[in-house]
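Visitor: Note that the protein sequences, when read in sequence, are chains U and P. Numbering follows the numbering used here, with no gaps: position 517 of the first sequence is 518. Numbering follows the numbering used here, with no gaps: position 150 of the second sequence is 151.
No lab work stands behind these hints, which were simulated from the structure alone. You may find that some hints are simply not true.
Unchecked claim - 30 Å max Cα-Cα, derived DSS-like pairs, lysine-lysine: (1) U/K333 x P/K345; (2) U/K465 x U/K4; (3) U/K145 x P/K333.
Unchecked claim - Heads up, incomplete: computed chain U residues facing chain P, CB under 10 Å, no partners named: (4) A179; (5) P202; (6) N203; (7) D209; (8) Y217; (9) N274; (10) K333; (11) Q338; (12) S347; (13) G351; (14) A352; (15) D356; (16) W403; (17) R487; (18) V497; (19) D516.
All residues carry an ideal CB built from backbone N, CA and C; glycine is no exception.
2 protein chains.
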Amino acid sequence: MPKLPAGLRANDFGEAIRQFEAAVGKQWVFTSDEDVALYRDSYSVFLGEPEEIVASAAVAPDTVEQVQKVMKIANTFKVPMFPISTGKNLGYGGSAPNLSGSVVLDLKRMNRVLEVDDKRHFALVEPGVSYFDLYRYVHERGLKVLLDLPDPGWGSPVGNSLDHGVGYSTGEMRDHFASHCGMEVVLPNGELIRTGMGAVPNAKTWQDYRYGAGPYVDGMFSQSNFGVVTKMGFWLNPLPDAYLSGTVTVPKHQDLVPLVDILNYLENSGITNGMPQLGSPIFGGPFAPPDPELGAMMSKPGGATPAELEAYGARKGRGYWSCGLQFYGPEKVIAAQWEHAREKFSSIPGAKFQDGPSYKFPLTPEQIEKSHKVTVGVPDLSIFMIGARSPFNANPSHGHVWFSPIVPRTGQAILDAQKVFTDAAGETGLPLLNGPAPLPATYYKRAFIFIFGIMVSTDPSVNKKNREAFRNVIKIAAEKGFVEYRTPPAFQDDVVATYSFNNHSLLRFHETIKDAIDPNGILAAGRYGIWPKAMRAKKA
Amino acid sequence: MPKLPAGLRANDFGEAIRQFEAAVGKQWVFTSDEDVALYRDSYSVFLGEPEEIVASAAVAPDTVEQVQKVMKIANTFKVPMFPISTGKNLGYGGSAPNLSGSVVLDLKRMNRVLEVDDKRHFALVEPGVSYFDLYRYVHERGLKVLLDLPDPGWGSPVGNSLDHGVGYSTGEMRDHFASHCGMEVVLPNGELIRTGMGAVPNAKTWQDYRYGAGPYVDGMFSQSNFGVVTKMGFWLNPLPDAYLSGTVTVPKHQDLVPLVDILNYLENSGITNGMPQLGSPIFGGPFAPPDPELGAMMSKPGGATPAELEAYGARKGRGYWSCGLQFYGPEKVIAAQWEHAREKFSSIPGAKFQDGPSYKFPLTPEQIEKSHKVTVGVPDLSIFMIGARSPFNANPSHGHVWFSPIVPRTGQAILDAQKVFTDAAGETGLPLLNGPAPLPATYYKRAFIFIFGIMVSTDPSVNKKNREAFRNVIKIAAEKGFVEYRTPPAFQDDVVATYSFNNHSLLRFHETIKDAIDPNGILAAGRYGIWPKAMRAKKA
Chain U
2 MPKLPAGLRA
12 NDFGEAIRQF
22 EAAVGKQWVF
32 TSDEDVALYR
42 DSYSVFLGEP
52 EEIVASAAVA
62 PDTVEQVQKV
72 MKIANTFKVP
82 MFPISTGKNL
92 GYGGSAPNLS
102 GSVVLDLKRM
112 NRVLEVDDKR
122 HFALVEPGVS
132 YFDLYRYVHE
142 RGLKVLLDLP
152 DPGWGSPVGN
162 SLDHGVGYST
172 GEMRDHFASH
182 CGMEVVLPNG
192 ELIRTGMGAV
202 PNAKTWQDYR
212 YGAGPYVDGM
222 FSQSNFGVVT
232 KMGFWLNPLP
242 DAYLSGTVTV
252 PKHQDLVPLV
262 DILNYLENSG
272 ITNGMPQLGS
282 PIFGGPFAPP
292 DPELGAMMSK
302 PGGATPAELE
312 AYGARKGRGY
322 WSCGLQFYGP
332 EKVIAAQWEH
342 AREKFSSIPG
352 AKFQDGPSYK
362 FPLTPEQIEK
372 SHKVTVGVPD
382 LSIFMIGARS
392 PFNANPSHGH
402 VWFSPIVPRT
412 GQAILDAQKV
422 FTDAAGETGL
432 PLLNGPAPLP
442 ATYYKRAFIF
452 IFGIMVSTDP
462 SVNKKNREAF
472 RNVIKIAAEK
482 GFVEYRTPPA
492 FQDDVVATYS
502 FNNHSLLRFH
512 ETIKDAIDPN
522 GILAAGRYGI
532 WPKAMRAKKA
Chain P
2 MPKLPAGLRA
12 NDFGEAIRQF
22 EAAVGKQWVF
32 TSDEDVALYR
42 DSYSVFLGEP
52 EEIVASAAVA
62 PDTVEQVQKV
72 MKIANTFKVP
82 MFPISTGKNL
92 GYGGSAPNLS
102 GSVVLDLKRM
112 NRVLEVDDKR
122 HFALVEPGVS
132 YFDLYRYVHE
142 RGLKVLLDLP
152 DPGWGSPVGN
162 SLDHGVGYST
172 GEMRDHFASH
182 CGMEVVLPNG
192 ELIRTGMGAV
202 PNAKTWQDYR
212 YGAGPYVDGM
222 FSQSNFGVVT
232 KMGFWLNPLP
242 DAYLSGTVTV
252 PKHQDLVPLV
262 DILNYLENSG
272 ITNGMPQLGS
282 PIFGGPFAPP
292 DPELGAMMSK
302 PGGATPAELE
312 AYGARKGRGY
322 WSCGLQFYGP
332 EKVIAAQWEH
342 AREKFSSIPG
352 AKFQDGPSYK
362 FPLTPEQIEK
372 SHKVTVGVPD
382 LSIFMIGARS
392 PFNANPSHGH
402 VWFSPIVPRT
412 GQAILDAQKV
422 FTDAAGETGL
432 PLLNGPAPLP
442 ATYYKRAFIF
452 IFGIMVSTDP
462 SVNKKNREAF
472 RNVIKIAAEK
482 GFVEYRTPPA
492 FQDDVVATYS
502 FNNHSLLRFH
512 ETIKDAIDPN
522 GILAAGRYGI
532 WPKAMRAKKA
């Protein structure tokens, strides 16, 4: 028996379900415990606890018209709905809603690749299209584009970009929301809009020009509950001729400052266009056998000083920091870019360089197998090795949630953040995974993101402790100005609370919009802290 | 005596003016005819006619707090307000409102450059800052950034980007709205919000990461009447080492198709990063003396055929089409990029290449004087030579408005658009300026914009005829899918009407938002077709 949405009478819910069935076909409305359980968040931090946020049912329309019908029915009966695309947002909530009892609006059947153009370099897709689907479409037709891919590839370009997800190739494309162009949206009341040039009946520029005339509203539909996106366009990379990579290593602790400054210059100029990767080779990398000398140095009271580590690095022939660069483009151009990067980094005394893998596109199957697939446009699931049973991991986990604060792109900010997060981990007991000197990810060209995986346990008492610690770390980090760009529903109210300027005026603005466009409050109640009016009153 | 806003009692308006004076200082509230006349649109298509849309007064606050106070007073007395930054949006409306009787909210005194960072490459500015101001700030401090500039330089980065204005340097930066990061906005009710990381009190990443957590609302404040933007961040180009330019010329009419395809590949790959410039050298360029042979060919019934023009071009040693490329970056890199571009274009039989100007940054004053200034980051007003008295222009005009439709980036679309606009000009009598084969501008990396200047006359009967023709051309072009990205207030209702998908559902969505966040309808009534509820009812 489905769990009833709060405040809904069984009769009304039953009638809504019947009308959903009439709208989309009986076989596409799911109410059995077995079926509905599939929409649970596999990585829930409430695993096995009564607080786990679960759906009451699911409905899977096949067309935009069916989505409109479903939303109109939901309004009639005030059924809370929670849209998902492929629902693979693991670590940030999966396919489970913010409000228990919500009906999942599962868009997986809307999986049509509507167009891919390799002359103007764009795709138009439905929300159920996964990166694997899009890759297959492109690959089968030999289209000359390179997909920008997140980890892992079973997610959806629509869902990933709406959640401000990120990828691995060129800087402009890595920001998946920024590289979208044009949307079709079913509003909470069932009304259909198209944004940008999609609003012009005969225009051929829906995926070329995004603003249209008048307000540019697309951003309202990302990380929000203002509409159900049913089509979305994305700009694509043209297939490059070649790929080149290389690494610079620098010897001193303070070299991180010029290292990042030079990296910013190179990336913001487009001289390196692939995702850079910062490293701290001094600690030997994740798979290095433990070194007793280093261990002794690190575990003494106060830990190792930078000077001690620098001396250790000099003895071992290891740099203190490294930065891997990737280049996509014509062979002669990327060779000149890598040469220029080396010249720039050579201003740091002791900088050393190493060439990395290089390829010509298209790669051979053997090359793909050896490559970091997502960087060469091939979707993949190997990221799930993290936390998995392996020779390198004595404690496999049941899953994880991400703690992912944004940090300025300076070396000093990294050093500050390392201290803040190390201290916060000590203070709260939150087991942060990333080694002795955690480094940020470089998905966004102009900002760093620290990404800490918090493992989910099968022991509820561990999860409970970690939840509390997670909430404390959010607060501690926010005091230093480091706040998150994305978080699972369990922590969305906490994270949104840190965006508190002028007595939370931004959230109140979101609420004003919510009340206007979703007066019944039926769409994704609670997503990113935006609760319908009635529930807001109850919470306060 | 100020012209009273419609529906407002003289007493109330007088009291509002007195309260504005108390809020910002008596000398910063303008009500005399002489002062208010300065806010007229110098390029109004209603020049000297009673229909000209004019302000009733102006108020110029100096601080965000004063803007808030002004908006609260305006709400109390229901005074329609129209915000401008520098108000130099000539050709698209200048500083005049959409609704006669509005009080101009003139933000010119808020002209502080708050921060420029040449390590993370951003600026944070107030709306009254002009491109000249920002250039001066950067130049005086020797900061290593290159500004992306529109024509002309007395406009404001805030105002220009909110109007979806464009510039001349690298592709990412030319789209001024897309390269902004972070906003501060006074809402119509006087409430203050900051978007993105600006909502986090201690964050240092306001200009690094734009989304924050939850909906990304910035786009709502562009080409709209949803708020008064009081601060805005912009990403900047790092100062490049060098600049290089070159031109490819191709001989055949149909070569335009591969020319554009190759250009798209080069630009979308970042192989050429400066603004490209399409040309049709076969017609000799704007300053060429008239050639009787060409004239005879063009003026015969049906005009010259492509084959005749190709043969003419071969005799004269002129290509049919050209594409100028610009490159910013390290000398060796841009040399390799230009070389690669030549290789690609060489696949078009008969393609010829010519090197253009090249510079090292910073340019010498002599080099700047000889350069196309806006392409090397130096703001300029020389664009006003168009329509001005000159040896090349027998009919100087009083001003102009722009007709600027978006067209797909293919050669065939250009050829189609040329026919559509030439036919429409013939049909309506609208005097379109751009020669026999008008070519689009390439400001936006993924879309073309045709930009036709319609001259404003001192003879109202000419303007009246042109206004009607302009409205007809909007409709004719929209039937073919070519619609405008930006237009003066006089034509905003017409242009917005072409975005008509699903019975104008996008406009109705805008109206729903408008009613929710500006229930008194006091902010920029009518901007981009969004009228307050009461006026909508009257119009309908």
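Visitor: Are the hints correct? Go through all of them and say.
Guide: How the hints compare with the structure:
1. U/K333 x P/K345: OK: U/K333 and P/K345 at ~13 Å, within 30 Å.
2. U/K465 x U/K4: 24 Å, holds
3. U/K145 x P/K333: 27 Å, holds
4. A179: Cβ of U/A179 sits 7 Å from chain P, so the hint holds.
5. P202: Since the shortest Cβ distance to chain P is 6 Å, the answer is holds.
6. N203: Nearest chain P Cβ about 4 Å off; hint holds.
7. D209: This interface hint holds because 4 Å falls under the 10 Å limit.
8. Y217: 3 Å, holds
9. N274: Since the shortest Cβ distance to chain P is 6 Å, the answer is holds.
10. K333: 5 Å, holds
11. Q338: At about 5 Å, which falls below the 10 Å cut-off, the nearest Cβ of chain P leaves the hint on U/Q338 intact, so it holds.
12. S347: Constraint on U/S347 not satisfied, violated at 14 Å.
13. G351: For U/G351, the interface hint is violated, since the closest Cβ of chain P sits about 22 Å away, which is over 10 Å.
14. A352: 17 Å, violated
15. D356: Nearest chain P Cβ about 18 Å off; hint violated.
16. W403: Violated. Min distance 13 Å.
17. R487: Interface hint status for U/R487: holds (7 Å vs cutoff 10 Å).
18. V497: Holds: closest Cβ of chain P sits about 6 Å from U/V497, inside 10 Å.
19. D516: 7 Å, holds
Violated hints, in rising order: 12, 13, 14, 15, 16; the structure is consistent with all others.
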